[in-house]
Amino acid sequence: MFAPGPPERVAGFRGDRELKRDYVAAIEYLDVHRAFPEAGRQHEALSGVTLRVERGEFLAIAGKSGSGKTTLLNLACGVDVPTAGEVLVDGRNLAEMSDRQRSLLRRTHFGIVFQFFNLMSTLSVEENVSLPAQLAGCTVRESRERARRLLSDLGLSGRERDPIDRLSGGEQQRVAIARALINNPPVILADEPTGNLDSESGTVVLQCLARLSREQGRTVLMVTHSSDALEFADRVIHLRDGRLIAGGG
Amino acid sequence: MLLFRLVNAKQLFRRPAQTGLCLLGIALGVGVVVSVDMANRGAVAALRSAVDAVAGRATHQMTAADGGLIADETLAHVLAHPGVQAAAPVVDEFLVVEALGNRPVQVLGVDPFLERPFRSLTFSTRSAETGRQVFTDLLTRPDGVVLPESLAARHDLVPENSLNAIVGARRASLRVIALYTPDAPRSDDGQPLIMDIAAAQELFGRSSGFHRIDLIAPDDAAASLAAVLGSTVIVERSDRRTNRVEDMIRSFRLNLTALSLLALLVGAFLIYNTLTFSVVQRRRQIGILRSLGVTRAQVAWLFVLEAAAFGVAGSILGLGLGAVLSHYTLAAVGGTVSSLFAPVTAEDAALTWPTVTKALSLGLATSLVAAAVPAWEAARIEPRIALGRTVIDERLMRWSPGFALAGIVLLGGAAVLVGLPVPSLWPGFLSAFAIAVGFALLTPTLALWLVGVLSVLFAGVAGVVALLGVRNISASFSRTAPAIAALMVSLAMVMGVGLMVRSFRLSLVDWIGATIRADVYVSPVGNVAGRNDAILPPEVIEAVRRLPEVEAVDTLRRRSIVIGGQRVNVLSANFAVLSNRARYLFTAGSRDEAIRRLLSSDAVIVSETFSRRSGLTLGDTLTLDTAAGPATFEIAGVYRDYTTDGGVVMMDRSAYERWWQDTDLNNAAAYLRAGADAEAAAAALRSALGSRYQLIIRSNAALRAEILRVFDRTFRVTSVLQFLTMFIAVVGILAALLALLLERTRELATLRSLGMTMTQLRGMLFVESATMGIVAAAVGTAAGIALAYVLVTVINVRSFGWTIDFRLSAAVIAGAWILALSSAMVATLYPAWRLGRMSLAAAMRED
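As given, the protein sequences belong to chains A and B, one line each in that order. Residue numbers for the first sequence follow the working numbering, beginning at 2 and rising by one. Residue numbers for the second sequence follow the working numbering, beginning at 65 and rising by one.
This is chain B alone, in the form it adopts within the complex (with noise of 0.2 Å):
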């Protein structure tokens, strides 16, 4: 400890900028680590709670396996099974409600008798009303309603508020009749609006029919229940339902998660660095030390120990960074959750035991690994050799072709892993950062040999001063490569990231070019979030149709249903009119013979992402749980479809109607005669339905622009990840070229005796500076290259099953230089500023 307080500690404080830069580094990269794991456990949170609070105490849930409802008479058989302790149906809806906010929420119709041992509800109304008037007003007001109470509260709602809602493509008004507090508080956005079902049922015009049936049942009843039943329901655990969510946005976490790491992969160079300079600044000290009986392994343990303590330092001011910046990351992911897989507002999540022992863990391995090196530098010092920085640099110039061909091994590792012909992710991301880690390593060699051709070419134009600052990145190189291998792996992060969500959406705008062909769309307000039940009354289609400059009208009906335990979409759509406008991108099979076979005979077109999961490709069947029972169609074709990873399996609407006896309509597009105005359609319509029904009214291209925006809206998340990155890499030159300014303090006095202005120095500078810029980006761009390669092609179809076409981009890749230029300019900054303060005098004197 005594060593440690003589060698490191008073170091630590003698170069504050340095220390602080270090520990900045550390805390960036495990703060980015930290507030993308709160805001993956707050997005998981937010749908966790919204499904918890949906099933209540129910043990098993019975759905329709063909995504309708359960009819009525299949309750008096579930009451009735041995072994069933409870049962209770649902309705579960959504509606969109002015005053909260006009956007969707949550409605459960439960029967209040039956409900009672699935959930226990506190109940606060207005006057002194018990829990039991509330049960009445539920069964006597169809209007009624019951509230959460924090929601309530957050929208100033009190008992006998009346509320405007949307109900499909209808106007309902609807009566707050008392607040709830549930047995287990969860997220206000879990909390569901709950109405009587009779109510529920009449306010989303049905008859009859739930959308499930609640069951709390041992296993074994819930199994024989399911066999008695058939093959027309789906009895499954709660706790299954709550998974199935998670796994949802597993792949999209993880994904988060392997980007955040590269992060604090870019802050291990930074402890490199400021390790390295610590040696150099104490190897006198260490000399004298090893001249007095310290051994190697004493020595070797000091930077350890200093890593250790950067690492645990960094990390705790990690996490509380995290927590800082996981309000922003969770804000992008909540975006993305919702735009992605269901609507959530997920509420900030809190540092749990688990995050915290992740960060620490991180922060020290990532200190300690990164110290590895000077550690073993600083236990080589003899104890009459002071190792000095041009011993590191000219050994570190010898490791480099050995570092090279490291890399180049990694390289080829990763382009092995990427050639694996295996579903799981964890190849993908292996290779990712054997591409990161490959090309960190060949950055010294491939430094050198651009140093060297800018060289050549600044000698003979720029003049002594831009050689100067170009020679001094391999004069400094074991500053410098550290330095610029961090800025490389940011650049390469920012485009490989970069160029994938150009391809993702260059294929998307090729997609919506294809796909959608409407001039004008129609929807009800009430459709949201992959539901099905918002339906579009005949009259409004009617009336789409009897516009004059209407040509044709193409509707869609979606369903739900279940195939091989994944819910799957089944579309149906007017392949008649479909035939000669609309383009699907077939990735199996021909546009024209599909259509034929569609219109032809029972058969469907399923998206890629179907096919990928199920296994289930061109000619193959499928048969489905239909109305009218199992039924085959074969698969005309394999076409690509970005609205969904749950898969789409699409057909024309005669076959639909034949099989599901289902008239209902979810949306119409209309194409318009040649010549005609969308956006005037579009207004005509609007003026024409716009004061009796809740809809949707979109011209083509303002769809195509909501479709965009919501693309861009996923991918915001990204950007705060790359932005962050960048920051850390800005940190990484900022430290080196102070660590520079140190270490060459009485060759900068040289060049000022010599009669080298203020400007002149400075223009070195960002000369030396700007090299490493170029030199990153040089290095980055294959990096990013590669890196967008792997994520386009194998991380992207893995995790989601979509089909990227892999597009290079020149403003990406321009976009990536700038910022690199950019980036090294700022860094250079404060170092110049620093310059301008240096004495000469007592420059002249350093050592």
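Isolated chain A, as found in the complex (with noise of 0.2 Å):
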């Protein structure tokens, strides 16, 4: 299913794929200011973003290092919150919700995906997996199945018991793909995702998240620098010092 191979054109607003409109959109920013404490005044890290986010859209976050790409994407999940403006999931104002409420959201609604992994190293591959599931309730027994599948899904059988760091940073990856996706999320938060690794590597993690998306209907919010990544994306939004310069909407 997520088997390697050469990047894909996908339908979309790169491609001709219609995505569904509707009336409530996956994320929405409206207005979204965020604010840093920096050398003893305010930083903006984003300044008044508007973005509207579709249901099943593969969006791309571009810009260059400290343009606000991880600000933006950690908004989304209620990592952070805005300093002004609303961040709003499934029409739902994050910052009206306690941080319990939020946690719950992400251990649901979101499967995260980061540059260095952030596997845990005390866990073996499985463990890894599981870690959400078990989080949300789910038994130990059915969280393992769950992983195994998963596993299975993205070319890692034979490896659910290995330790982490036994794997390559490709395998690492999709490793933390498969932990992303062990709730059956239906939005995705990658931030730089192939950021550290090869070129290969890198290649076979964009196909499965563009999969995702394609396939599945998820939503995926993607950050990059890199311009490789960005071709896999339906679309593609710039932020230059915290501001939105091209494909909001």
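To be clear, the hints were calculated from the coordinates, so they are not data collected in a lab. Be a bit skeptical, because a hint or two may be false.
[To be verified] Partial list, derived from the structure: chain A residues whose beta carbon lies under 10 Å from chain B: (1) Val25; (2) Val82; (3) Met121.
No residue lacks a Cβ here, since even glycine has one placed at the ideal position from N, Cα and C.
Put the two chains together into one complex, using the hints given.
Right, here's the structure in full:
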């Protein structure tokens, strides 16, 4: 299902695929500002960003380092909250949720893939993948069965009991994708998912993400500064100094 | 210095919690040592003060060899002896004065004419009377007594006040005729009340005789005097007497010092942890400095300097802390000294330069030793290689087997030391330290193994949150292993001392059960602190015998004599009464045979402390200086006795009276007929005798409870030390957890971003901490049992000469486990609270 192959054109903003424009967007940023204290004054990481992310869309967020890409991603899943403006997920305002509600939302609604994989070194491959399922209250047995299926889909059969440090970078990122999918979330957030991989492994990971959107209808938000990665997305937005300069809407 | 400022100083202020906890660890460790040192000095000072105040300026003191009185006519020989510059007889007694807090007070009966060279006293009186008038009053008023001014001030007493006193079993009325200020002011409790010698003899019911004669004489004159007077008296230098008092509590002080050093050892783990954390935090900086040409030695020095700074600052704080703590430890130590040796109310000791030097040296040395490995790690950092926590963790895991091997070697050494057949305490202490350090070295390996076992258990049952908590321990091993080791050592101490105290208490209960068999005990109120002077009037004993429910009465006479330079109690009892009642626990010889010999011949039984000190045992003979001259007794048995560590020789009353011509009695013990109520009998005696005599009348149960109360008071000081050491260990875990939070910020943020709620995250932290507690308790149990074995079978025996049956107590072990887990949990509270304040977005950016 996720076997490596050449990049594939997908329908949408760059191709022919028509995305369903629901009344309620998967994620919606409304005049979002985010400022951080820096050297004694407030530094605006995001300034008035308004952006609508449709269900099933594969959206790439591009921009230079420090342009606010990761902040945008963090705001989507409630890891961070805006200084001003609103972030709506399925029409629900994250600012109105408690910390616990945001945790539960991350657990069920989002799968997150990090640049440095952020796998737990103390857990085996299978345990890492099953972690979010168990956090969501799934039994140990069921979560492991789900983890095995996903690992098999991602070409990691037989590696279930391996410690993380025995896997290559590409394999670790596929484990991270499996972990992101274990709770069957409708939205995948990927922060520089290929940033720490060689090009071949990076391609495999990008194909995985593209298919999650194309074949399974999941919304994918990917932060990247790799021009090759942009090829896989339905739409690309560009950020510069915290402002949306292209692709918004 | 610039390098130190660059690398170290800023870091110390950047992580104030880590710096503060490390300083607190050292300060507490040093503080415990300082407080024990000050408490020891306070107790010694109180004892020494009491002895010195009594001795005055005497160069020598003469006492009766049989522990009794020196005959009046001896004084004339002494005064006439060539070379003796001055001599003064002294009656040395205790009485209980109501207005002085109803506690025993020493009274010296002196001859005002002869006493002047021995002490110059400044008198103050109510009127403008002079010293001469006081002198006259002393001679003419048989109830006149002179009080030390500070003692009188403390109890609001002035001249002409009357005092109600209890002398032995009788009441007496005294009058304050003046107050005195001693020429060398000392502790209030060291200052005796002073009376005329004849008045004192009268008051204490003696027609003649002195307890001692003070001398001012050169050594050779004193020696020739002793030779002339023969074996009936002992002449010894005054300073030897003082030294002997110090000798009495030397073992006790050593034990406390050893326990306090264990607290410092626990503090050392904290320093190690803090410095390792420092090295990891500054690895990039060090790498840059190395690439700029800073040598390995310079890097190592930076951390040695940091450790030294910690050591000095922590020690200074520890000095202050110790001074405060000493107030409490001194109260506990004073209680123990009073229970075991002599009644003292020790006053707070001041910080002295030797204590300051000792504290600074110990704090500094401990810090430097603890810094050795982190400094070496820092020096190994290559310019281009960043030494991560993982590298250190992996290295520690690799080294664990080596540590374990070293630990096993140390434990083997401890076993050898325990078996050394020497009387010294040092092999015992070294063995205890080898056990503490040996198990600490074994801890990493055992911790890894136990974490592995728990992982397997948790993986199948408890789910991934618990699993993460358990596995985090091995993932951050260089941080968790020292914290576990610190907690383990503290628990080993708590358990070791706890098991020793428990074993001792159970042995004491057994001994009480075998020895305290009578139903009602009667003794005079004035029978205090090993004094044998308070006599039970014959009519009291007769009243006891006449009680209808009494079946038999045993009476006890106690006499203090010197054997081989050591003071020993000679006890005499009615073995005809005891033969089928008391069940003395014999360690050599059979009970029945011993009693048969006691009743039929001049035989004695001796306490095991006496046997151990004198080297005499069953079948040996013992020569005692009796009133009829030296007499030889056969030792018919050695029995267990916890009443004194000074040694006891026991014989039947008939033999005693025959050899000492002494019919006085100190105590009576009544055995009631079957079914009689002991409390009712005691009450009946109180109502019959209470108005005429000052007696302590106790039922068997009350006496047993009193003995156990004294026992518990004796060991209160160990509880104080146990608490402080556990507190240091809790600080250690807290510091480790805080450091882990800092190091794992990103990992924790990842978990949060995966949907872990704050409750689950805190749960993980609690599992981690609880696992550390479980591992520490598991290893600590083994170490604690080993430590208890050494304490019971080596240190206690060599310190006090008492045999204690080593007993494992489930309650003590369970208590230590609960303590371990609750300490670990308490240490988690603050880090768990800190977790709630973590900014997820910022944490995700952390490296």
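The hints, checked one at a time:
Because the smallest distance between the Cβ of Val25/A and any Cβ of chain B comes to about 22 Å, over 10 Å, the interface hint for this residue is violated. A least Cβ separation of about 9 Å between Val82/A and chain B falls short of the 10 Å threshold, and the interface hint therefore holds. Annotation: interface hint on Met121/A holds; nearest CB of chain B at approximately 6 Å, less than 10 Å.
Checked against the numbered hints given earlier, this structure breaks only hint 1.
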